[in-house]
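Enquirer: Listed below, chain by chain, are the residues.
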Amino acid sequence: MKAATFNWLILMALTALSFGVAEAGVAGGAALVPVLLATLFKGRIVIDRFMALQGVGGAWRWVVLGWLLLVLGLIGYAFQYA
Amino acid sequence: MWCFILAELLVFGVFFLAYAFARTHDVELFNASQLELDRTSGFINTMLLISGSYFVVLAVHRIRHGHSRACTRWLIAAMACGAAFLVLKLVEFSGKIEAGISMSTNTFYMFYLGLGFFHFMHVVLGMVILGAVTLKAWRGGYHATDYAGVETGAAYWHMIDLVWIVLFPLIYLLN
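Going line by line, the protein sequences match chains A and B. Residue numbers for the first sequence follow the numbering used here, beginning at 10 and rising by one. Residue numbers for the second sequence follow the numbering used here, beginning at 1296 and rising by one.
Hints listed in this document are in silico derivations from the structure and should not be mistaken for laboratory results. Cβ coordinates follow ideal geometry from the N, Cα and C atoms, glycine included. Mixed in with the good hints there might be a few duds.
Said to hold, decoys possible - Stretch by stretch, here's where chain A covers chain B in the computed footprint (C-beta under 8 angstroms, at least three residues):
1. 1302-1310
2. 1422-1429
To be verified - Reference excerpt, derived from the structure (chain B facing chain A, CB under 8 angstroms, subset only):
3. M1296
4. C1298
5. M1342
6. L1381
7. H1453
8. L1457
9. I1460
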């Protein structure tokens, strides 16, 4: 359970980091990269650790991780280039 | 349940991308409207859902070891987080409605209210599922060798958390 508690604290810290970036008035590409990376890392913790998909056989983990990567990648593209 | 979860993720994904690409047509409007949101409320709500997910993980861990009562307590803690989330969202929504804002105010608010309410309803459904699981756990219906129901409820709750983890920066933070 120490691992779950550690993951929970990481999730809280990354949320605070993203919130802090926005509160500091950082915008555009300077905010996009850290906030999206923090979101990607948070999503991976939820998928692999909380949903416990890491190590599960079959394609379930890669489908959910793929969803996260695709959505965040396209959001990044839309905010930066589109 | 996993097919249902994937279908839900697909629907939310389409909405997220619709927001991101609709924003490109009027960036100034989206940025200006976003500044009217209560970012702190979104931040607290994120902490609540993350904590709720953590409590659900603890509940699954306890039932794996056959501790039905402890499992029940952690599930109740998770539902308390969900309830607090719903109260904060209702306060947020009512503030907007009192200010005369609706889905027809502009494109940003159409997405903000639409996506927010869609996710809100999923939290309500998640609480109903967790409530049913909690009741069964409280009655001793799960054991160390039979706890698939707890895991199923947990997977749905984590999906709600995962979706909010993307929704929060998209609607409240990025501009």
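Enquirer: Each hint should be assessed against the structure and marked as holding or not.
Expert: These are the hints, each one checked on the structure:
no.	hint	in the structure
1	1302-1310	holds (count 3)
2	1422-1429	violated (count 0)
3	M1296	violated (11 angstroms)
4	C1298	violated (10 angstroms)
5	M1342	holds (6 angstroms)
6	L1381	violated (19 angstroms)
7	H1453	holds (5 angstroms)
8	L1457	holds (5 angstroms)
9	I1460	holds (5 angstroms)
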